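Residue numbers (my numbering), protein chains in the order written: chain A, 1 to 473; chain B, 1 to 473; chain E, 1 to 473; chain Y, 1 to 473.
Keep in mind that a hint or two might mislead.
Since the list gives no way to pick out one identical chain from another, each pair is judged satisfied if it fits inside one copy or across any two copies.
[Said to hold, decoys possible] Calculated lysine-lysine pairs in the BS3-like style (CA-CA distance at most 25 Å, straight line):
| no. | residue 1 | residue 2 |
| --- | --- | --- |
| 1 | LYS12 | LYS263 |
| 2 | LYS399 | LYS263 |
| 3 | LYS382 | LYS469 |
| 4 | LYS354 | LYS398 |
| 5 | LYS430 | LYS263 |
By construction, these hints were calculated from the structure, which means they are not laboratory data.
In this text, all values refer to a predicted model and were calculated from it rather than measured experimentally.
Protein chains: 4
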Amino acid sequence: MAEKLWGGRFDKPQKEELFDFLSAENAKLDEKLVLYDIDGSIAHVCMLAKQKMLPKQEAGEILSALLKLKSQAQSGAFKLDYKLEDVHTNVEDAVTKITPNGKKMHTARSRNDQISLDTRLYMRDAINSVSAVLLQLQQSLATLAKSDCVFPAYTHTQVAQPVSLSFWAHAHYHEIERDLGRLSDLYARVNQNPLGSGAVAGTTWPIDRGYTSKLLGFSSPTANPMDSVSSRGELEVEFLSALYLAMSHASRISEDIILLASKRLLMLPDEFSTGSSMMPQKKNPDPLELIRGKTSRMLGLYVHAAGLLKGVPSGYNLDSQESKYALMHGVDTALASFSILSKLLPYLKFNTEKISLELEEGYACATELADLLAKKGVPFRKAHEITGGLVRGCMAKKKFLSSLSAKEVSLLAGFEIPAKELAEAVSVDKVARYASQYKIPPESQFSVSLEKRKKALADAHSLLEKEAKSIVR
Amino acid sequence: MAEKLWGGRFDKPQKEELFDFLSAENAKLDEKLVLYDIDGSIAHVCMLAKQKMLPKQEAGEILSALLKLKSQAQSGAFKLDYKLEDVHTNVEDAVTKITPNGKKMHTARSRNDQISLDTRLYMRDAINSVSAVLLQLQQSLATLAKSDCVFPAYTHTQVAQPVSLSFWAHAHYHEIERDLGRLSDLYARVNQNPLGSGAVAGTTWPIDRGYTSKLLGFSSPTANPMDSVSSRGELEVEFLSALYLAMSHASRISEDIILLASKRLLMLPDEFSTGSSMMPQKKNPDPLELIRGKTSRMLGLYVHAAGLLKGVPSGYNLDSQESKYALMHGVDTALASFSILSKLLPYLKFNTEKISLELEEGYACATELADLLAKKGVPFRKAHEITGGLVRGCMAKKKFLSSLSAKEVSLLAGFEIPAKELAEAVSVDKVARYASQYKIPPESQFSVSLEKRKKALADAHSLLEKEAKSIVR
Amino acid sequence: MAEKLWGGRFDKPQKEELFDFLSAENAKLDEKLVLYDIDGSIAHVCMLAKQKMLPKQEAGEILSALLKLKSQAQSGAFKLDYKLEDVHTNVEDAVTKITPNGKKMHTARSRNDQISLDTRLYMRDAINSVSAVLLQLQQSLATLAKSDCVFPAYTHTQVAQPVSLSFWAHAHYHEIERDLGRLSDLYARVNQNPLGSGAVAGTTWPIDRGYTSKLLGFSSPTANPMDSVSSRGELEVEFLSALYLAMSHASRISEDIILLASKRLLMLPDEFSTGSSMMPQKKNPDPLELIRGKTSRMLGLYVHAAGLLKGVPSGYNLDSQESKYALMHGVDTALASFSILSKLLPYLKFNTEKISLELEEGYACATELADLLAKKGVPFRKAHEITGGLVRGCMAKKKFLSSLSAKEVSLLAGFEIPAKELAEAVSVDKVARYASQYKIPPESQFSVSLEKRKKALADAHSLLEKEAKSIVR
Amino acid sequence: MAEKLWGGRFDKPQKEELFDFLSAENAKLDEKLVLYDIDGSIAHVCMLAKQKMLPKQEAGEILSALLKLKSQAQSGAFKLDYKLEDVHTNVEDAVTKITPNGKKMHTARSRNDQISLDTRLYMRDAINSVSAVLLQLQQSLATLAKSDCVFPAYTHTQVAQPVSLSFWAHAHYHEIERDLGRLSDLYARVNQNPLGSGAVAGTTWPIDRGYTSKLLGFSSPTANPMDSVSSRGELEVEFLSALYLAMSHASRISEDIILLASKRLLMLPDEFSTGSSMMPQKKNPDPLELIRGKTSRMLGLYVHAAGLLKGVPSGYNLDSQESKYALMHGVDTALASFSILSKLLPYLKFNTEKISLELEEGYACATELADLLAKKGVPFRKAHEITGGLVRGCMAKKKFLSSLSAKEVSLLAGFEIPAKELAEAVSVDKVARYASQYKIPPESQFSVSLEKRKKALADAHSLLEKEAKSIVR
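Please model the complete structure; the sequences and the hints are all you need to start from.
So this is what it looks like as structure tokens:
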């Protein structure tokens, strides 16, 4: 039991199955935290030295060991033993094997503030990675929209009005802008330093939380220790909510394509489709359906994480360990989904002839026709009614609006409608042109802010290594 | 069927049960939107006049009718008939009964952009109301903390360390700060004007969306019409996620009080407790349990709203009507819960004698004792082990840490521990004093930003009425 | 405070806002429980009399009052005052106003077992009502299927194989059979009598739970008092899960119709569709979309109820009051949704010409063609490949499978394919005929079991009234 | 591309990242299905031979290959290549490598009915495994209850009445009985054979589904092919709902222990507890908290699976692949949680002295005292009030009910209360004895039904192997 961090007050050893249950899965997830945990320990030990809570010599030995482990971890050679519970114990144990002064590195620190720290370091990078893939997805929409064409807008899954492919892409671009905005807002809340919160009550040691914040690139320390450990899981839930909404957008793009493919208005790309083992003619939009399915997974992960917050008192509780699972699976799911979608989109090919027919069959120019009447002075409500009647008549005769003569429309309207104006109002292609004015801008505002965030992290990281090395030497 | 807005292309009338299903509940919810719908129509008609899409005379008649309905609605005299489907039809119908020009007010507009508009107007006020109650809750924590006393910090629902009531209140204050931050971020996304998006594709009428934005106090028009109607429900989900997190904080405060009351460390106030019909001795923390329960309701409302976004294509779909239910119930639930909690908190009375005993029985000063050893040079890991052993010994002898003599501790430590320093380290009250430095500030930063938002809305509202009246006259 | 059931140990009165929060909404829901609460009290008082815990004379007075209130309640004249907390207090208060012996009716009983009882009585009827509407929905599918016709089966929303309308209806019929099975299984768990469980620990009074079970039509008393009150909410969750699955089936039926309508393969009925305020040509499947949306609501209600069970200890907790909201809204939502869908279905009209074309364009007979080759001895995997090639060739030439000559197919197969057999294999209508063998049976097995359950309840009810009247007289 | 089952109609190869997305995770889950997939194929090929759809000689070769792969798989030597998409393709590919007749084994079958089959075979075993662990948990409660003692019943987390440990264990035993009942009901729905449903529309081959049902131990074939493939995910949701409820019971047991440990009324076992890295005195109920947390995970998995069913049309859709993840993670989570809890329970030790004090301090005998008065003729409502007053008086004087004299109680009651009767009513231990009559029975009824199910599966399995070998030879 010597290897645990807390043997002193126990009479009997723990059962093996206890750690199978508590740590086997958890240690696998912790593998994504190793580098963050080491960086956090480096900053902590630098601070202990600076505050003279540890002699420089001893701090140097510990830091040297940590830097060594870090380069091991970077090359994938640092493995976690789940019998040692978690990443924190594994790292402390490995350091102590190199230098007995490792026993001093946990001064003024708890695993409770450590895990909060590691998670925030992970989340910062995860927010940046997800943002980068969302920016790619926006660019993929822009690429697709370059070969602009007529496109059907639906409401209630029924033909509504003629628009353009670029208009549709522009709509989805702006959904993603909001997703990026949410991630950016979240980043500001994540980017605060919990280190120094201890187990729940802070510490009476003379620590310097401003200093570790600087070394780790945080904007400031968190305000209250109990809040810092109690709130584990909260920012994870906010993250998962943002990811769910982004997934719902990827799912909606997918749904649109599935629908259009079902109507044969676009061709699914062989490169991103699969077939059936039984039905020889099939070409199926599998990745798009799976994105839709994974949207449901993301909602499940949200509920998983959110439910953890209910029914537990303040202070650290182990339930919150589960939030790591939800968070990491959520991030991986999002990255994979946005990535495959951004790769698939540029392969889509549209059948403009069939799209025009779809719009004709759906009487998509009826609104423009009603507007034409209204522009001539018919109250809109009346114009709507007249046009509704015209549509009904056309349907009965299996005709399209484009076949209406100026004469018959004028008769119903009660005044002369110029033939040219009528022709323009009922031409699918003419009306669609209006929508082409909506263009995706060359760069999202969040592209700039992502670069800034990444630069700040890189700068802090250089400072951290410099400080550590200055103590080692 | 004449009263519907869309009879023209239908051969047969609708069944009555159709509107029972579609509109009966919905129209009740729409009652909260009447004033917003009228304001939106006023802005729209002002714009139609300004753009000369409607003669000033006719616009004046419509505006006069709208202002009349508005004052009716303010006095509660405007009732919705759900056979007229929704608030939009009810308002247009009422206007048209006053002036036949009402038939022209729907020019260049759809109920799809109208409902998006109404919902955003509602959400702005709702965000502000919820923020105001959260600020109250923070003040209530501050009031409670004024009579500061020793307080038990737990981790894993086991005694951890001695803290102070003010420390605990400060922790919860900061949770709520983040809640206010999320609402503030959301407000910026909500505060964009969807009016002019039409059914899905905008309109070819020469509308001025900047002008309606100004009249309604929006920061700008939304960017894309299809996005504007497709995204109904998205900001609602973000709102509900923010409310869920805030509820989880109210629930955690409640949980803490329930736990402390169960241990008889505080007295539940008669004023906010109830009894049992069978057990005469009972005093139960009913409102606190119900807050915990309503946290689960909020999660349910989140899932309700979030699930709507999956499996539907772009463009307006009626599924999204359901998001109104989730949103409005979520807002009401949050307001009621935060309000009762903020009223209850100041009535709590703590039993400091029992709290001190609880901390002693829980060996809450063990960390401070280990830190004392570590400050004297024992590696922390070793100091932890020694202290663990001391605790184990005390438990066997049914003693507390405060009964340890300097002699016996010095023996174990291997060096002299000054009796005074030991006494301070193992005194619950002394250690607790450290935590009293955490104080709730007099005012939240979000108090200021809330005032700004409310002022901007009031200013816009004055402008809107001025413009309308200038056309009427 | 006199009117509460528990004033004795309180010094100060409760704040009015406490009951606003605890009871205002709750008392409205309790209105659906009034008759159940009265019946439960009648059974309880009959038992008190039988066990001589109450003199027959006094019991008779109470029963007389209860019967009077019951007939008031049946006529809608019994109103709840939420300041009296709940239905139980309202009923006891009303009885006591008629006879002071009302003060004795709560002997050996708690509101904790009362609410569990009332909820089970409600659930039994609710299960039966929902079952009845589901049986209607099955019959509606049967009615629709009577005018059988060719129908497109999809996988991955892509044309798969030709089937028949009756085949599709039969598939959905069997989904609903499972829904009915789940409700029937649940009924057995619900149909146990919690009365006599007291607050949490039963009672030392010599009660007869078998007798009240008989009077109320339960199969037996529940086994453990603590379990009986702690498990409030559990059967509600099981109910909501069953309702969610049933809603997902209604939603899938709706989705199929929305998709077919979008492809113009069926005509939406005017009677159950609505239009657009802006686009004159629109006819929208509003109720079907709303069913899809309400499926999400049901998932939300499930999560609401399910989340209540986590993070609370054994014994009654007020959180569980929230399960009533979820349950009752779930039941009402389900009833409304299944009802409108069963009314709408028979109005659907299919365009068989377009369906045949859809199947041709989707090469829906490819599987039958591959099977033809395989039946002639080609390994299926090879037959699949050959047919895939044929489809590819047809697509390139914009031909259908039905245009293939026996000669060209024989050439590829490497042996003679009889022209007649080929023609049958590639005829959409011929292949579809196979699917018409699937027929909805005249009656579901659950139709019988529903009748049995209803009869048992009616019998018990007669017995209850008889017993009560025998004591009154 | 030769290795896929569907290359014929495709012009271009698929991108590698497509299968990374579709299959990498999925193939790992499929490893749990290998043996089921092989058994299903064995049954299918036996049927093809019996129906003369395949010459006996060729069937024998395929079956020989399958039996060989089965023994490989049993020893863990059959590995899945995810580039081959799924378990079905991997198995067919491996067979075809042994004999070219493998190309014939997919006759009259689709991966759509195969995956439904494999999942049901998996679910049958999973239901049985989970049931077995739940029966263990019941036995663990019985073991614990053998050393019966006084135990506190709470309502609203406030002391309610004195009960016994056996009473508490009996309550939880009965919760689990319902869990077992739900699993048993589900088993009947799962135990139907989907094989023969094809892709969505069945097949025109002369298959014998009754025969494969017998070989695989199913009660009967499913009724409708489209339903069989469309309903993928439905029984998974029902399973997850049953698991969620069972987890909520494990969580409630955990919550009770956490609460009692927090009050020091029981001792957490060293063997199943952990410590703190910072606070030397801590012993934490980590596994119990994690069970509570995993209850939230189960709710998340439910939502994940349930959400998949919404917004997709009939017929197979790839979204449903996600249900496999939710199902398998749910089963594993449940098994691990119930198992650790059943191991931990017998280690609990109670502090009966402190429990008695807890009950005294909570005036737990107040109900019994009120009942004593009521038994003497005081109306219960009045007896409740008197006792409430007595409690209030005791609290003011810091006395317990057990210190009340017969004289003072008699005075308040208005008549003589015998001292002995009073003493019994206010004695925590005497009252607790009443609850000891509740005893866990030696065997659950579901223990028997589990054995029956397992025997039926074993019998079918023997038959399957016998049939296969008779064809091979």
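We went through each hint and held it up to the structure:
1. Proximity of LYS12 and LYS263 under a CA criterion of 25 Å is satisfied inter-copy only: 22 Å between copies versus 69 Å inside one chain copy.
2. Within a single copy, LYS399 and LYS263 get their C-alpha atoms as close as 21 Å, and across copies as close as 17 Å, so both meet the 25 Å cut-off.
3. In this assembly of identical chains, the alpha carbons of LYS382 and LYS469 never lie at most 25 Å apart, being 80 Å within a copy and 27 Å across copies at closest.
4. In this assembly of identical chains, LYS354 and LYS398 lie within 25 Å of each other by CA distance both inside one copy and across copies; the values are 18 Å within and 14 Å between.
5. For the identical chains of this complex, LYS430 and LYS263 are neighbours both inside a copy (23 Å) and across copies (24 Å), given an alpha-carbon limit of 25 Å.
Of the hints listed earlier, the one the structure fails to meet is number 3.
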